[in-house]
Every structure is written in C-alpha cells, then in structure tokens.
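Trainee: Sequence:
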Amino acid sequence: MYQSNTTKKFLAILFAITLLFTTNSVFGQGVTTAAMNGVIVDVDGEPLPGANVEVLHDESGTKYGAATRVNGRFDVPNIRVGGPYTIIVSYIGFQSQKLENVYIGLGQNQRFEFILKETSLSTEAIVVEAGVDDIINPNRTGASTNIGQQQIEELPTISRSAQDIYRLTPQASGNSFGGRNNYYNNFSLDGSIFNNSFGLDVPTPGGQTNAQPVSLDAIEQIQVSIAPFDVRQGGFTGAGINSVTRSGTNRFSGSFYNFMRNENFIGDDVSGTVVENPNLTYRQTGFRLGGPIIKNELFFFINAEQERREEPATTIISNTGSNSGANVSRVAQSDLNEVISILDNQYGYKTGAYQGYDHQTENDKFLMKINWNVNTDHQASFRYNHLTSWRDVLPHPAISAGGRGPDLNSVPFENTSYMINNNINSYVAELNSSFGSFSNHLRLGYTSFRDFRDSKSAAFPSVDINKDGLNYISFGLERFSTNNLLDQDVFQFTDDITTYLDEHIITAGISYESFQFNNSFNLFFYPGHTFSSMDEFRAATNPLDPSYIDFNAEVARSDSNAFKLDEVDLAQLSFYVQDEWQATDDLILTGGLRVDMPIYFTEPANNAEILAETFNDENGNDVKFDVSKLPDTSPLWSPRLGFNWDVNSDRTFQLRGGTGVFTGRLRFVWISNQISNAAIAPFYTFQINSTVDDFKWPQTWRTNLAIDKELPFGIIGTLEGIFSKDINAVVHRNYNMAPPTGKAVGADNREIFASTDSTAENKLNGFFTGGPLGVSFLDAGAIILDNTDEGYQYSITGQLQKKFGMDLTTSIAYTFSEAKDITSSPGEIAADAFQLNQIVGNPNKPELAFSDFGLRHRFVGTASYKKQWNDFLGTSVSLFFEAAQGDRFSYVYAGDMNLDGIPQNNDLMYVPQNSSEINLVPVDASDTRTEAEIWSQLNNYIKQDDYLSERRGKYAERNGALGEWFSEIDIRLLQDFNFDMGQDKHTFQLSLDILNLGNLINPDWGVRRFPINKAPLTFVGYNSDGEPEFSFPLKDGKPLSETFTDNTSLISRWRIQVGVRYLFN
141 MYQSNTTKKF LAILFAITLL FTTNSVFGQG VTTAAMNGVI VDVDGEPLPG ANVEVLHDES
201 GTKYGAATRV NGRFDVPNIR VGGPYTIIVS YIGFQSQKLE NVYIGLGQNQ RFEFILKETS
261 LSTEAIVVEA GVDDIINPNR TGASTNIGQQ QIEELPTISR SAQDIYRLTP QASGNSFGGR
321 NNYYNNFSLD GSIFNNSFGL DVPTPGGQTN AQPVSLDAIE QIQVSIAPFD VRQGGFTGAG
381 INSVTRSGTN RFSGSFYNFM RNENFIGDDV SGTVVENPNL TYRQTGFRLG GPIIKNELFF
441 FINAEQERRE EPATTIISNT GSNSGANVSR VAQSDLNEVI SILDNQYGYK TGAYQGYDHQ
501 TENDKFLMKI NWNVNTDHQA SFRYNHLTSW RDVLPHPAIS AGGRGPDLNS VPFENTSYMI
561 NNNINSYVAE LNSSFGSFSN HLRLGYTSFR DFRDSKSAAF PSVDINKDGL NYISFGLERF
621 STNNLLDQDV FQFTDDITTY LDEHIITAGI SYESFQFNNS FNLFFYPGHT FSSMDEFRAA
681 TNPLDPSYID FNAEVARSDS NAFKLDEVDL AQLSFYVQDE WQATDDLILT GGLRVDMPIY
741 FTEPANNAEI LAETFNDENG NDVKFDVSKL PDTSPLWSPR LGFNWDVNSD RTFQLRGGTG
801 VFTGRLRFVW ISNQISNAAI APFYTFQINS TVDDFKWPQT WRTNLAIDKE LPFGIIGTLE
861 GIFSKDINAV VHRNYNMAPP TGKAVGADNR EIFASTDSTA ENKLNGFFTG GPLGVSFLDA
921 GAIILDNTDE GYQYSITGQL QKKFGMDLTT SIAYTFSEAK DITSSPGEIA ADAFQLNQIV
981 GNPNKPELAF SDFGLRHRFV GTASYKKQWN DFLGTSVSLF FEAAQGDRFS YVYAGDMNLD
1041 GIPQNNDLMY VPQNSSEINL VPVDASDTRT EAEIWSQLNN YIKQDDYLSE RRGKYAERNG
1101 ALGEWFSEID IRLLQDFNFD MGQDKHTFQL SLDILNLGNL INPDWGVRRF PINKAPLTFV
1161 GYNSDGEPEF SFPLKDGKPL SETFTDNTSL ISRWRIQVGV RYLFN
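Per our numbering, residue 141 is the first one in the sequence shown, and the count goes up by one each step.
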C-alpha cells in the first residue's frame, strides 16, 4: 500500500509540473497582490505605443515598470497591496504625468487613463492627485468586499477577530455567506489555505481554543469574495476569504498595545432581569515592528501577541443543607466528600476540586515576514506564523443521563475537565517575476495544525453516579479525550504565468493542494460505569462486597491495548485558463475554465463481512457497498464568464456581473469516517461509513448581476443580486435502515419504521452495533455520503456609500435572502449529519426546506469620523450597526414519533387544526389536567405563534419558523495624543470598544430573544388503536404560553474593552 500511495503522489506532482511548463504564458493579479492597468493616449485619443510607465511604492521604494503596447494599453501585475503609490508616465515628445497618493486593494486591478500633451516650453511633469473609485471600477465583476487597514483599525471589536471585520459584508451571517454552510468557505492567509480542513467544531484554525490564529495587528487587508469570476479563485461554494499580512517599508514603524476587561465591564441587566457576572480577568498584549534591513531592497515585519483569560469553571456550589440560592445544586457536599475519600483511600485516585476552581484560556502567536526586492523585475516574500493555544473545557455531556453538569442536578469533579490544544506552524514563500511581456506568480505553502487534548485526570474509568434517574456526581477521565488528537499537514503549490496580446489578457495556472490527516479517537478505551445511587457506588468500591470493581485493574487491562490512529491522505489538483478581453473601451469580458480533480491516496481497510451484507438505498432497493473503495478521481469542471460595462463611458454608471460554476471542498472528517470505521475495531467505532461510487465534491452554479451608480450628492449606490443553484450538494443517508412498515393513524399519518407495538431496533443488519462492555450506540448505521442537485440560495442587496471629505465615511446596506437545501449537514461526523437533519417522513429522502444558514433580512451600517483638533490631539469615532431577522428554527416533537430509531428529536411537528387531530395525555400521574384543558392550553399557544397559526393542518417545515428581529450598535472611540521627535511621529492612543451600546443606555434595548421550546409536544407512544399520543409539558407548573423569551447571555448585554497603544513611525 505504501508503494501504491507514494506512486500516486509522485504521478500527481509530476503531472502538475509537466502541465505547468507546457501551459501558455498568461497574465493576472494573484490573490495576495494587486495590479494596475490602463491606457495612454494623446489629446486626440490616439494610442501612444511604447510609452513608459513607472510605478513606485513610496514607503518601500519598490519599483514596477511597464511599456504600452500598440494599442496604448499597459499592465503592471503582482504589486503590493495598499500604498501610497506614485505613477509616472512618459513618452518622447510629450509632457510626462505623475499621479500621486494611489492606493490599491487586495485582488484589485485598478484602471487608469492618461492623456499626454505634446511637449511645450515647460518640461515639468503634470502632478495629479489620485481619485480612484473602489466601487465604480472596471476591475469589479462579482460580489466582493474589500476591507482595508484603516477600516480594520477603526471597527469596533472586543475579540479582535477577523469575523468582526468581515461582518461588513452585506450577505454575511456570522461565518456564513450567501446562505451557505460556513464549512464551505475557503479561508486563506497570504493566498495559502488556512482552513480547519478536517471539519471538526469550527471552520477556522484555533477556534476550539477561542484563539485568533493571526493578530489583527498583522493584517493589511481582508477580501471577502462571494462571486469572483476569476478562475484562479476556487476551493469554496460559500465565500473565499483572504487576508494579506503587513510588510515592512523603508521607515521603521511599530506599535505596542494592551487590551483588557473584567467582570465589571459586562452588563448585568436584561430587560429588568439581573444577571450575576462571575469573576473575569482578560488581557491581550502585543507589539508589531517593521522596517528596512537594506533600504529599498530588503524589509521585515514581525508581530507577537499573547492572550490570557481566567474565570471560574463554574459558579455552581454543593448543597451543605443550610445554604440556599440560585446556584446551589441538589448535590450534597457530604456525598462529594465521601466520594473523594473512597477513591483516595481505595484506589489512590485524586479527583480534584468540585467547586471554587478556575479555568484558563491562553494563546501565544507570532508572525514574521520578509520582503525582498530582488530587482525591478523580481520581488520575493517569505512569511512564517505560529500559534500555541489551549483552553480548559468542562466534560462533554453526552452519554450521561441529563448531562454531566455542573448544574443544579449534577456536579462533576475537576478531573473530568480537559484541556484542548490548537497549535499551528505555517510557512509561505512567494515569488513575483516579470520577463519583458511575461510575468509569473509562484507560491509555495505548508501549514501544520496540531490539535490534541490533555485530560485533567490520570488514566481511570469514567464514572457517573445517578440519583432519581439523573446524573448526580461524575469523576474520572473524560470519555472523549483519551489520546484524542488530530494532526493536519497541508501543502500548497500554485503558479500563474502571464502574458498579454493586444486587447486580450490570457491567464493560466495550476494549483496542487495536499492534505494529510492523522486522527486518533478512542471513545470507551477506558471502561465507563454508571451507578444508580450512592449506595450502589459504595458497594462497588467495597472490596468485601461481591459487586466490587477494581478500577485500577481495569485501567491496566485497557493499557495493554494500543491507541487507534487513522491516516487520511488526499489532494486536489487544479488547473485553469482565462481570457480577459477589453472588447471596447467601456466593456471588459472575462471568460475562463477551471478544472479541479480530487485525488484519494489512502486505501481503507477491506471488510469482507460488510461486503457480504445487503443494505437498502433511499428507494428501498437492495444494495451492497465496499468500505475499502473511495470515489474515483474525476474532473470537476468550473466554467465562468464575467463582465464589466461602463455604461456612460465616464465611470458614473457601471453594470457588472457574471455566471459560472464554483467547486468547493467538504469536511474531510466525512472521508475519515469511512477509513476509521471500515474495520469496526473494538473500543473505537459503532457504525460504518462509505461513499457512493460517483460521489463528487460540492459544486454550485452562481450568477451575479449588479449596478453601481453615482447618485446626487456624491452618493454611490449599488443594487446587487446573487443566485446560486446546487449542482453537487452533500447529503448523508443510512443504508442500514429498514424501509417504512406503514403509516401512523390519524391526522399525522407520516411513515413509520417499526410496528407501533414493538420495541425492535430499526436496523437491517446489527452485527456492528455492539461495543465493549455491552455498550450499544444508538446512532449505529451504514452512513453513506451521496450527492443531490436540490438546493438554491439567492440574495438581493441595496447599498449606499458616501464620503464626506476626509473626515466622515458612511455606508448602509440592506440584504434580503433565501436559502433552501435538502440538508444543511448539521453534524460534524457523518452519523450526526444524517440524524440531526429534521424531517417529516423518511430520513433517507429529506425534502427541500429552509437552510440552517443565512438571515432573511439584514441591515448593516457603518460610520467613521476623524477629527484632528490640532497637532497634538486627534479623535476617531466609528459605529457599526446591524438589524436583522432570520435565525431560523424548526418545531419538532420531543421523542421518536416515526420510530426510525433516531433519538435527536428530528421529527417535525404536525400542527393540529382542532382537538380531534391530536391525542393529548397528562405528563405523569401528578398532572391532573383533562384532555380538554390540555388542548385549550396548546391551542392558545398555537394562536399566539404566527408561524404555527399559519401551519394548522400541515407539518412544520424544517427551519420554517423565523426568530425575532434583533439590533445592535457597536462603537469604537480612539483618542490620539501626538508628538514629534525629529522626523518621527509618535502617538499615545487610548481606545474604548463598546458592544451593544443600546443595552448600556437602556436595559430594554439590544436584547436578543430566542424560542423557549422548539419541541413543545412530547411523543409519549401509541395507543391501542395505533394512534400517537402526546403530552404538552408544564414548566414550573405552568403551560407554555409564548414562543420567545429574553436571551440573558452575553449577546444581549453591553460589553466594554479598554486599550492603550503606543505607535511610532
């Protein structure tokens, strides 16, 4: 197998290199750089061929050059983002022109037009101040948002995260864009892949530890591209989010900063409900420094930052018998102390504390970048960044009855917690070269992600002690953390070669991405025990009792086994070609083709026992599948066409857009599931996974049309529409589900999957459902990864932007959007993605419904004002405003009404028209309500809910219900104290960030609301007539009477962070 995999890799890389050097020479700006283009003519409009163009980056002395072609056009590719730039154009016999203070954004190709006059007596160059419009610009085609350094520095943020910055994108909803799953984005840093490609927990690296992998102080610009019709951009069906890091210049500059907050900087009043804030200590400290190593030639930039957070692990305290309060648990302090004593004396095991202990979060990050101007034709850069981060985490609640706490019912010991670690080392090298009429952009990247857990406990069984059927006390090694590690190694090679031919710019290139994952997950490696009471625990830990358990002996037996380690090795080879055609002076057409080819190097283990079994597909047909077979390598084609039309030929009215296919990646954990579960090894797995033979990575066809118009009073208006249609979306199915046995009796007559008087599990084959110590996982199944073409998303955005001189900048946008899919892939692992998808009928045949992602309505606005009072004092005020509706949710039954064996409340609720359509029963013997009284209460609840009222006599839709509108205003205040020392400027800066300013002014403002209960009806069972029965539970003795309640978490409360910074340049 090793030789086979090595041969595959060698052939893939060899093919990539061969294709690279046989590709036509091409031109185009890369995703880490920018470009300039334009035309030089005389006063009669005649082109001036051979005119000289010199572009100078003022701060670094970096020079770029070009000469005009026969048609007077020129192109300057692969230049540094930002500025200021000075452009000097000259032609023999004509007066030269100089354009100063030019700034250019990431990925932009700014266009300029120069009209030269014949030489007069004056030979001095005409100096013009730049006035380039970032919005009405021929470079723009599809929807994108560029966020520059000044905006990054001015936007309100407490987390200092990139997410707080790209929320400026009108189509954004958190990490989701355009109604797509946030795992279908492509995050990159300096053009190099920077995703959590495996797909656990969060889509960005460092997210498990709440760490930002790169400091905002190291970021120069951020670009969010939703519909870029440039074929070089790929790897996403959501958005491409690229950040470019700062570079050094000829001037030494830097900053030292510190931000802090504590519990006194957090609001405690939500519409009159007082919330106690636990102790909090938070600090973020860092510096950045850049400058020349060799003037005009070699530059450096470094940034280092550390973050420290400490807070109580829990505010829950044990019950002494004499204390009381909202945070006093039912767990007796005497029982906790007894457990400590027994474990210490009998087993020598230390449990740690059960209250009064803190949890920490720490991260340290470092970034270094070197830029080298080899000469005018060659520029190189190298970037290295590092993250070390960890966070203390309470035990996972799964498997335990009612969870493991800490809460009012249960208290875990400190040793049930664990520490999660996210460490990163990333290297990127880039070379930009020009060879006369050719240019080349080469990038190499390697990133290692090291994620692992450290348990607070020594090796020991995981134990729960119950009381009255619910978990009471927990101790031992956290079940999910035993040698839990994930190593990710990502290598990337990209090369674009460029040339231009009169009116055409031809672009071609190649990209090779390699992903290697080593994953160790050892659930139940050490035994687990659940005792029904303290008495049962006492007996089991008494050596004289027949039920005695020697925990240490169990650990020793487990230690004789080896930890599991699964390797997943795959790659993606991409190549592309594109023609940018200047069809007329006012119309640019861009057409291209991208081809992506997934390559699977790992060969899963063969399992003859699985291959011998027969399963059912979603249509009930008998099928077999081979878990040792991954999908074949097949090309995924992405043709694209974009355009930009300057309607009035004066850059006041622009029509732009395009259409094309985008190919993304998927959560590679779903491929890993097939490899790790293929052999059904003891201690490790309770299901099998596979893919259909022709499975394809996600693809969507996206169309974008937009108008940018200069309106009266200097306002720039934009109207933009985006429509996406799924070509290959991902769907999970369970081929081990038996077909439906019939339908329920009554108004809710959905399909059911087992006899209403049977408790048999709904499985065709059960040989893989058993686990060590008799454990049987309820989610056991044969989960198959498949494709569907059902699903679409669209959005319409209107935006107004205006600059008032140099002091005030404003923007406001409104977006209406809708997104529907077969499944939003709601789980990390394949089984969860299948089971958590809410349905009415057959979970293997989900219906098109609203997506988990995207907001229905979203207003977003910004305003930034700067005032320089005098040479010493300067003030900046920046506001961010958001108002939105669209946090969708589903109404489901609590319980398994369709008897498909899925325990995650995935059965969508039927909304009865009247009492004859539902059988209602009391919750338990203490519930004295009659059926008529229960119906009256349920009916009143339905009446007050707008969505349920509309759905009477129908099933609730997945994500059919909309959350309430919410709004938030954030503000950032910067006060600068400036002073000069010689040629250098020094600034002492104070900052104040306030999130949810409205709640600070009035506790009724800025409050978010969320549904009290998404499963208002509990499925009790079937009566003798085969009709389902339901209860309408009480809460604190009262029936549910309203849909929403105030969310008293941090999101509804004001938060403040203060900072101090010293800057010099």
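Hints were generated in silico from the structure; no laboratory data involved. Any given hint might turn out to be false.
[As the list claims (entries may be wrong)] Taking lysine-lysine pairs in the DSSO-like style, the calculated list, with each CA pair at most 30 angstroms apart, reads:
no.: 1; residue 1: K490; residue 2: K704
no.: 2; residue 1: K607; residue 2: K596
no.: 3; residue 1: K1007; residue 2: K1094
no.: 4; residue 1: K490; residue 2: K607
Trainee: Failing hints, ascending?
Mentor: The structure conflicts with hint 3 only, although it agrees with all the remaining ones.
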